[in-house]
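> So the sequence lines, in the order shown, correspond to chains Z and R. Numbering that gives the first Met the number 0 applies: residue 0 is where the first sequence begins, and numbers increase by one. Numbering that gives the first Met the number 0 applies: residue 0 is where the second sequence begins, and numbers increase by one.
Hints were generated in silico from the structure; no laboratory data involved. Any given hint could be a false lead.
To be verified - Computed Cβ-Cβ distance ranges for the label pairs, DEER-style: (1) 59(Z) with 135(R): 32 to 42 Å; (2) 152(Z) with 95(R): 51 to 61 Å; (3) 33(R) with 143(Z): 26 to 36 Å; (4) 74(Z) with 135(R): 42 to 52 Å; (5) 90(R) with 59(Z): 30 to 40 Å; (6) 126(Z) with 126(R): 52 to 62 Å; (7) 214(R) with 56(Z): 33 to 43 Å; (8) 60(Z) with 73(R): 43 to 53 Å; (9) 60(Z) with 108(R): 11 to 21 Å; (10) 90(R) with 21(Z): 37 to 47 Å; (11) 73(R) with 174(Z): 34 to 44 Å.
Beta carbons are placed, not taken as given, at the ideal position from N, Cα and C, and that holds for glycine.
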Amino acid sequence: MFVLIAGGGRTGTQLALLLVAQNYQICMIEHRRDVLARLHRELPTEAIYEGYATDPQVLEQAGIRRAQILATCTDSDADNLALCFLARTRYNVPRTIARINNPRCAWLFDDKFHVDVALNQADILASLIEEEMSLGDMMTLLKLRRGQYSLVEEKIPAGANILGIAIKDMQIPEHCVIAAIIRQGEIMVPSGKTVLEVGDEVLAVTDRAGAAQLARLFAPNNQLVAGSS
Amino acid sequence: MNVIVVGCGRVGAQLAYRLVQRGHQVTVVDQAATAFDNLPPDFHGRTVEGDVLSQGVLHRAGIERVEGLAAVTNADSLNAVVAHLARTTYGVANVVVRNYDPRWQSLQEAFGLQVVSSSTWAAQRLEELLYGSEIRTVFSAGNGEVEIYELEIPTTWEGHTLQELLFEAQCLPVALTRAGQAVLPAYDTLLKECDVVHASATLEGIQTVHRRLYPQKED
Chain Z
0 MFVLIAGGGR
10 TGTQLALLLV
20 AQNYQICMIE
30 HRRDVLARLH
40 RELPTEAIYE
50 GYATDPQVLE
60 QAGIRRAQIL
70 ATCTDSDADN
80 LALCFLARTR
90 YNVPRTIARI
100 NNPRCAWLFD
110 DKFHVDVALN
120 QADILASLIE
130 EEMSLGDMMT
140 LLKLRRGQYS
150 LVEEKIPAGA
160 NILGIAIKDM
170 QIPEHCVIAA
180 IIRQGEIMVP
190 SGKTVLEVGD
200 EVLAVTDRAG
210 AAQLARLFAP
220 NNQLVAGSS
Chain R
0 MNVIVVGCGR
10 VGAQLAYRLV
20 QRGHQVTVVD
30 QAATAFDNLP
40 PDFHGRTVEG
50 DVLSQGVLHR
60 AGIERVEGLA
70 AVTNADSLNA
80 VVAHLARTTY
90 GVANVVVRNY
100 DPRWQSLQEA
110 FGLQVVSSST
120 WAAQRLEELL
130 YGSEIRTVFS
140 AGNGEVEIYE
150 LEIPTTWEGH
160 TLQELLFEAQ
170 CLPVALTRAG
180 QAVLPAYDTL
190 LKECDVVHAS
200 ATLEGIQTVH
210 RRLYPQKED
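I would like the entire structure built from these sequences, with the hints used as guidance.
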């Protein structure tokens, strides 16, 4: 698989290193002198092409016609959009991935400019922080499906509402499953009859809304969880 | 006409001012408020400060109600992206794009946009003017790839035909003016001194014709 990357800033470089480590064939296009100096220390020379990514001639020489994926990681949203559009309409690149710099431009990163996947760093970070704030003691262990679902862990505190209630009688949110309970260091696979005890660590697979509801469910009696609605 | 001008540099400010002078409703958008200093004091169109790729800014500029948009910033990909958006998402009827750096012209053309390249056009005009004053450009099509030239027939060509003058040059006759009377020219018309011929030609074509009319000036 050949991946063309436009822009050798931190995002582009990180992506390139990741792909090189997985034996992908890559080519990174960059024109800034100082950035190139750094790139040459980090990437194999044959994976670097010096020139402006927005110059169709440079794209062609860097191999856009045989690229399966174009990843645009420049710091200009207009460049990233124009590149994805050009890649699809002129060179039939099957898949385009674009970095969003300014969250206000996010609405443009779709079919309008033939962007297949848009990565909004600011958005991902903001929603992570927001989630951490709203979920109290709940910890996210793993993100599934680009963050729509996650595996979360929560310790049952003293005075929790659900103490003494069997799982089947709790109002477990719709898109949420309790996958395991860690009780005194031992993993238990719960059934509907299982009753939670203080200090149990509950592992659940849930969507965002479910995580917030679960956090409320497990909260101690008269304590509100920040951010609950 | 309701028009948005994106970019308030030298070109944008002048374009916006001209449109306002002709009675059009103009909104100028630029991300830097200081750019609006380029507008003459008596400019009375609207100005909107902000990133033109933000939906809020576009709507504030009234993109849903305009008939024309000119993207004239000095960032070529930005011009192309804004113009494409105006045309496809908002259905703006007249969309034109300025090309700033000739290297990115083909990127802009990939969007199927009308591109005006001031630097290419100026370089071409300057080149023509350097070749002499016997031939004047009177009309320029596209970005000057084809232009209509005015040629004065010198004594040396009296009695020859247009066929001989334009033979296999990239040049077509448009009009022949003799003593103030213009006619549609025929290739076999015999030329007279002081005839004025208007011809449509590429730069290469007009150079060929120029060499034929004034051979002595070539060495």
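> The structure should be examined with respect to each hint, and the outcome stated for every one.
Verification of the supplied hints:
no. : hint                           : result
1   : 59(Z) with 135(R): 32 to 42 Å  : 40 Å, holds
2   : 152(Z) with 95(R): 51 to 61 Å  : 58 Å, holds
3   : 33(R) with 143(Z): 26 to 36 Å  : 48 Å, violated
4   : 74(Z) with 135(R): 42 to 52 Å  : 47 Å, holds
5   : 90(R) with 59(Z): 30 to 40 Å   : 33 Å, holds
6   : 126(Z) with 126(R): 52 to 62 Å : 56 Å, holds
7   : 214(R) with 56(Z): 33 to 43 Å  : 39 Å, holds
8   : 60(Z) with 73(R): 43 to 53 Å   : 26 Å, violated
9   : 60(Z) with 108(R): 11 to 21 Å  : 19 Å, holds
10  : 90(R) with 21(Z): 37 to 47 Å   : 44 Å, holds
11  : 73(R) with 174(Z): 34 to 44 Å  : 49 Å, violated
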